[in-house]
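Protein chains: 4
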Amino acid sequence: MAAERIQHSCALFGIAGHESAAYLTYLGLYALQHRGQESAGIVTSDGERTHIHKALGLVNDVFQPHLLEKLTGSSAIGHTRYSTTGSLTLLNTQPIRVSYRAGTLSIAHNGNLTNTPYLRSRMEQEGSIFQTTMDTEIILHLTARSHKTALEDRIVEALEQVKGAYSLLLLSEEALVAVRDPSGFRPLCLGEYEGAPMIASESCAFDILGGEYLRDIRAGEMLIIRNGNMESLTLPISGSETPCVFEFVYFSRPDSRIYGEKVDKVRRRLGKHLAREHPAEADIVISVPDSSNTATLGYARESGIRFEIGLIRNHYVGRTFIQPGQERRDHDVRVKFNPVEGVLKDKRVVVVDDSIVRGTTSRKLIGMIRDAGAAQVHVRITCPPVAWPCYYGVDIPTSEELIASHKNVEEIREYIGADSLGYLSLEGMLSAVGVDRAMCHACYSGEYPVPPDDKLGKQVLEE
Amino acid sequence: MAAERIQHSCALFGIAGHESAAYLTYLGLYALQHRGQESAGIVTSDGERTHIHKALGLVNDVFQPHLLEKLTGSSAIGHTRYSTTGSLTLLNTQPIRVSYRAGTLSIAHNGNLTNTPYLRSRMEQEGSIFQTTMDTEIILHLTARSHKTALEDRIVEALEQVKGAYSLLLLSEEALVAVRDPSGFRPLCLGEYEGAPMIASESCAFDILGGEYLRDIRAGEMLIIRNGNMESLTLPISGSETPCVFEFVYFSRPDSRIYGEKVDKVRRRLGKHLAREHPAEADIVISVPDSSNTATLGYARESGIRFEIGLIRNHYVGRTFIQPGQERRDHDVRVKFNPVEGVLKDKRVVVVDDSIVRGTTSRKLIGMIRDAGAAQVHVRITCPPVAWPCYYGVDIPTSEELIASHKNVEEIREYIGADSLGYLSLEGMLSAVGVDRAMCHACYSGEYPVPPDDKLGKQVLEE
Amino acid sequence: MAAERIQHSCALFGIAGHESAAYLTYLGLYALQHRGQESAGIVTSDGERTHIHKALGLVNDVFQPHLLEKLTGSSAIGHTRYSTTGSLTLLNTQPIRVSYRAGTLSIAHNGNLTNTPYLRSRMEQEGSIFQTTMDTEIILHLTARSHKTALEDRIVEALEQVKGAYSLLLLSEEALVAVRDPSGFRPLCLGEYEGAPMIASESCAFDILGGEYLRDIRAGEMLIIRNGNMESLTLPISGSETPCVFEFVYFSRPDSRIYGEKVDKVRRRLGKHLAREHPAEADIVISVPDSSNTATLGYARESGIRFEIGLIRNHYVGRTFIQPGQERRDHDVRVKFNPVEGVLKDKRVVVVDDSIVRGTTSRKLIGMIRDAGAAQVHVRITCPPVAWPCYYGVDIPTSEELIASHKNVEEIREYIGADSLGYLSLEGMLSAVGVDRAMCHACYSGEYPVPPDDKLGKQVLEE
Amino acid sequence: MAAERIQHSCALFGIAGHESAAYLTYLGLYALQHRGQESAGIVTSDGERTHIHKALGLVNDVFQPHLLEKLTGSSAIGHTRYSTTGSLTLLNTQPIRVSYRAGTLSIAHNGNLTNTPYLRSRMEQEGSIFQTTMDTEIILHLTARSHKTALEDRIVEALEQVKGAYSLLLLSEEALVAVRDPSGFRPLCLGEYEGAPMIASESCAFDILGGEYLRDIRAGEMLIIRNGNMESLTLPISGSETPCVFEFVYFSRPDSRIYGEKVDKVRRRLGKHLAREHPAEADIVISVPDSSNTATLGYARESGIRFEIGLIRNHYVGRTFIQPGQERRDHDVRVKFNPVEGVLKDKRVVVVDDSIVRGTTSRKLIGMIRDAGAAQVHVRITCPPVAWPCYYGVDIPTSEELIASHKNVEEIREYIGADSLGYLSLEGMLSAVGVDRAMCHACYSGEYPVPPDDKLGKQVLEE
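Chains as they are written, first to last, in this note's numbering: chain A, 289 to 751; chain B, 289 to 751; chain C, 289 to 751; chain D, 289 to 751.
Hints listed in this document are in silico derivations from the structure and should not be mistaken for laboratory results. Every value quoted in this text rests on a predicted model; they were computed, and no experiment measured them. Honestly, I wouldn't trust all of these hints.
Which copy is meant is left open, so a pair is good if it fits within one copy or across any two.
[As the list claims (entries may be wrong)] In silico lysine-lysine, BS3-like type, Cα no more than 25 Å apart, as pairs:
| # | residue 1 | residue 2 |
| --- | --- | --- |
| 1 | 652 | 436 |
| 2 | 652 | 695 |
| 3 | 695 | 358 |
| 4 | 553 | 695 |
| 5 | 633 | 695 |
| 6 | 633 | 652 |
| 7 | 550 | 560 |
| 8 | 560 | 358 |
| 9 | 550 | 633 |
| 10 | 436 | 553 |
| 11 | 633 | 553 |
| 12 | 695 | 436 |
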């Protein structure tokens, strides 16, 4: 149940040189809604002025026709955000737009910086003020302080000072800039629609427009789109590419390409490798819908066990489901998933899922599957146990909450009540993804490609 | 694309003798949200007084904790409703509660009466007033006019005068009554939770509570639950059972039982029969998610063609998606579905769907599948062409809008751009459902089990 | 402080034969907002169909431009309502529109029937159902049951059966009908705007349009406006005119005419009579704004004591003022009124008010005036003590809450902390109003012109 | 009609050392709502952390009980704001809170800086970024950049660099600071409630709590409240006191003290001087309620002409009054004011008002008074013609819109349709206010005490 608590921090979409820039960005954010549901925002530029609208809520709620109409101009960047409850304020929504020496600059950021405390402290010593709790604000400060003339040079100067994960879109009156950090932690790709270049976190945002995917933005690449021209630079910052493997396992939509790969294909291979590493004597294999569907197909194909739809997901579940304190039952899980008794009854069942976080949801789900008559329940996870925090933009629960940080596989199996439990090995996972590249797997292995300076950010602003 | 326009009219849920009656009804309606998204309402009885809350919106939006708390009492009935735009007013939400000689009476109705114009006219001649445009109000009038003493006798007297489709829940201060019309057009079943009897349109509402399915309410059966006792009567109204077959094809959730059958099993058989009647030379078979998923598995199994996930559905699409007039593209379909290129590329694809209504959505979808590289697209529909209106509670577009009412199969195939198109035959469909019972298939065949008195209801109230 | 709890039940406005009927009704309701702030509604007729919109809230909130535009047609009736908290539901908003034999009929009602329990019980015995808790629904039932052909005849037959207070506007597809009960309890007057006849509770609604006041609707008169013609009938119901005197004292706006009299003039005379009956040795006389302003001018003129503005009213106070439980201070009064120290300091002050209901507000207000430095505070009330409930449409607190029902004048004076307290006598009040007519003064005298059948209505519906 | 367009920019309220700090600030803002209706905000400090809530809307709408409860701590500052439509965004609401070297700093500002373009440009050259369009942000930047240790020293260093009008409240974790600029353009006063010091724009905010007014904050004074101690400093900035005279004429509530004077007394003297300068042969004198009420009493007293209530104001008028394009009538004025015919009929009327801005409202109002039967209408304004923009925090329309900037008195009289028109002279106004002090009267005279560096601020951020 990645859905238990692992949450992403955002989606990016940008387009330059199209008269319907705001509307197309709205559509693009729609396709990327799965990456962040707490807020949405768009900034446009008409060449002379920039226009912004952002608010808490789903893309669907934030943008009304009359609001989209005000966002004039042929360039736009947009953002959707997930944020932890504490800082769920409008001030922390993105894009952030500021005014500085050269006009306005707007920024949308996916990822997390790892030297935030140091930078923030240094800048505060120099007299800077911060109005948000987002590390993104730091990049704006650094860009504004640069004495370089060209926007891209100022941005480069700023990025030379930060460390960590950043896929960025920046918009000024005259240019749209896309950047991916040298490690390429978070995805970012380039597409085209009716001749206009587009940048998005995942390629499914291009498809919603009927646009075309061109290529991945390279790790360490900066694209500058200005006056209809697009220029590509390489950031003068050393670093080797280690994109986040978890994007393949859970976050990205299966119809997307990320890192140049089709997520669907990778996820299917994860299922196949999982079947090889952890076969099962079983009658059927089912998915925990919808994020595990494709991997489950892979498991079924490799193992020869019959693929079935054994759990129905209720897509009407909203954020405000009422769970009265006195009702200690498993309604929270039942309201989301319902087992199909006719499928499960008397069957030995393999359940393929993409993660176990705290274990409580898995436990309830397995209980429901058993109640529906399953003879055996064999749980197979398409990745290794998640046991380490992420410093690069994924919101993973604290170690105390992560079941894998204090229980071994057998203990987890016992806790969730499965007949057997198999996690895909780190090697298996990486092999399934493709052998030709290094990836960040710190949440599984604790091996951090970019060491965080300090694990706890200074946080003085709150609601 | 049943999603194109065929809409249901409502869901029912009731429970008697449980201290958390309102909360459990709220959960039950949650599970039944797919049957109606326009409004939701609950009435409870504490034995002396009844309490009501209803409003436009999803179950999730209509009920807040403080509102649920006001709905005290151990008996409750609830309703969710789909309604056509014109009459989308709070006055037309259900349950309707009225005061009459014997106290209050509340009613929740799934179905449509067929002698409404006659009855309404007769009652208006006698001086009755109507405050809603719902035929349900007629049942309340008739019940109140009855000179019988017992509630059930009054209801029987009322129902002897109406014709058509009615699955009903009624709640007074002292009793909960459930009724299904002698034709049994719409489903209704009985369950139990912690000793308290429950009634619901589909059994998935019992599962959400962790309750138990007991049996179908029989066509023509009336259940009276009073003081902890449950009595079953048979309505003294002639009629032979002809439940709606479309419930199996499209409306009901696959994890439900209706008419005593598991929807999942039936839908799988629909897919198998379809594969036999309309085989295809193809590489893969895909579903239009989510309603066709199970039937697609059946088609795959029977045909031996590989099941694949070739379309991704975006579940964040809300009602207010902005579609600017000037943008004539297929964004409305793209925002909902995205083809998985890696799956479809160069493949001969069978697409299994549960209906073609106007044909425009199918046409766009097939175009998208071709754009994703499919070599061939073979469309298979799990039922015959829908060509006739429904008078028993399903909102089907007018004949002019129904593509099958003015085009034959070959013309439809050409319009939607498929390489081949196969509809399951009426016989195949009925055989898949199970041979032991008659069913209503009027929307396919034009054979109406209960002839409507008059096809156009008098409608003088509007917003 | 009439503001303490005496509340009106509604305002009426209607217009026939003007193409902007809905918009003009909206304006008219705006002017009458002081008579009811809980809900607002308008029904229009375009000659063939009627259109309705109503909701909880101020006129300003309920009607948006796009909603007004839907209310097509050249005839309209509108209503604003105050209602006690318990029944504050949309179902109880007005106008109520029903469908019956002859089409639709909509009704807006100011007043209260006094034989509701009898009528409702009789009609329920005959099989009627009630969907609201408003006695107004009874009039619709009775009208629909009439076997007469003409709308006006049916209404007359209905009204022959009811007793009590009713100023009514009714709208069908083809006619607008205005009626005032034979006692003429509640006001209703006739005006004209650009050739179109208007009916309103108070004439200030005509002024807002720039229209003209023509005359009072007579007690027992029925006006039928149809096809551009206006006919006047006299109800064949005996009764002598006894309009509510409290309308003059408190409810109506001073710029209105009611009962053919200018409220402003009457209220000034109330102040003068009060000065004669209860003179005071004082330096200044101040008003409790705004309802007592005019009477205070009368008191000042008659007594020769200087008129001053000694209390400032905060008009931004809304319904949801937060008053924490632990704060037992007088913030609820202070947030509304602030004494002007420079005016009050060391002065002997006469405070003119229009009523004392529970006494708590007066007590706090007098405390504040003393704290501002007043040497003496002499309270003068422009009517006798309110000690009896009203059965004709004014919401007066129960006897237990009415200070005058259990304390004499000296005890009240002591409770509120005034140096002296003088109520205008019944004779003085009636004389001020004008000697030529009987009026209802039951809330002061307990003499009820139309005896209520039963003081407690049967109320089985609640939220 | 100052109400036509002259708008204030804000109100301030602060309190230190009271356990109900947030609630008392809420009450204080309630009393000051007349100074700004677009947004409201409160920041509290509990000694270790600060807490903020702010939103668009009236105080009443912005603060709900559960939101107030979160604002813990014994110190608080609050703000209400009027803002022109263009910049009506949440980002521009106050207080602004930022994080900087020493923790957090929050600021609430009434007034406008006059060297904003210079400062902003200088700071942007140095690399600063601005997230709002408010000059207030500059003060925060300057304070954060100061190398001084003590908060008050940093603030002083910041203020030494700014020019113009600023009444300020600042809140850190450990101190509350109140400052008034050396010119004392905007009011600010000190009070006490239950031993806790309070600061407010006007003293009526103290009265709502039952607190005590102590004294004016002096022009150029800074108060530091820390650990229960209050220290007063004088800003080391030269400047002579010139408080805004318009506060007396229009903005402040009559029950307030500002600049140590009771507004009520001053306004009465304005009326008296006006009567002496511009007597009239008339029967009655009326006010345009409510802002001119007190001055009208002064005019009446001095002239001996009878004071009457000739216009009734509708206090239910909200922001969203619908004025259809095709309706070119005077409904916008009629919906707000209604003439009392009985008072005006055949009378020679003096109308006292506090300003004529564009003249259109006055023209309609005078037309209405004539329609009500007034024989003559003599308009008297309690100040000179407003003909110049304000650079110190009052939002006055542009010169093109100001009728007095392009018409002389006789032309204005003719335009508005008055029989005579008299403006109080500058000398008369200043004399009425009190001879012992210089005041800013730039909007009347064009004499600006602090010359603005540049009349047009750079504004690059917009919605």
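*Quick one: residue 633 to residue 695, C-alpha cut-off 25 Å, is that within a copy, between copies, both, or neither?*
neither (31 Å within a copy, 44 Å between copies)
*asked:* With identical chains, the pair residue 633 and residue 652 could be close in the same copy or across copies; at 25 Å between alpha carbons, which is it: within, between, both, or neither?
replied: within (17 Å within a copy, 39 Å between copies)
*Between residue 695 and residue 358, at a C-alpha cutoff of 25 Å, which is it: within one copy, between copies, both, or neither?*
Result: close neither inside a copy nor across copies, 54 Å intra and 37 Å inter.
_Up to 25 Å CA-CA - residue 553 versus residue 633, copy category_ = between (31 Å within a copy, 12 Å between copies)
*Within a copy, between copies, both or neither: where do residue 652 and residue 695 come within 25 Å Cα-Cα?*
Classified as within; 18 Å inside a copy, 50 Å across copies.
*Evaluate residue 553 and residue 695 at a C-alpha cut-off of 25 Å and name the case that applies: within, between, both or neither.*
Close neither inside one copy (32 Å) nor across copies (40 Å); limit 25 Å.
*Can you tell me if residue 550 and residue 560 fall within 25 Å by alpha carbon in one copy, between copies, both or neither?*
within (16 Å within a copy, 31 Å between copies)
*asked:* Please sort residue 695 with residue 436 into within, between, both or neither, judging by C-alpha distance up to 25 Å.
replied: neither (53 Å within a copy, 52 Å between copies)
*asked:* At most 25 Å between alpha carbons: which applies to residue 436 and residue 553, within, between, both or neither?
replied: Neither: 44 Å inside a chain and 60 Å across chains, both beyond 25 Å.
*Given a CA cutoff of 25 Å, do residue 652 and residue 436 count as a within-copy pair, a between-copy pair, both, or neither?*
neither (58 Å within a copy, 50 Å between copies)
*Could you place residue 560 and residue 358 in one of the four classes (within, between, both, neither) given a Cα distance threshold of 25 Å?*
For residue 560 and residue 358, the Cα distance exceeds 25 Å both inside one copy (49 Å) and across copies (51 Å).
_For residue 550 and residue 633, with the copy left unspecified, which applies at a CA distance of at most 25 Å: within, between, both, or neither?_
For residue 550 and residue 633, the Cα distance is within 25 Å only across copies (12 Å; inside one copy 35 Å).
Checked against the numbered hints above, the structure breaks hints 1, 3, 4, 5, 8, 10, 12 and satisfies the rest.
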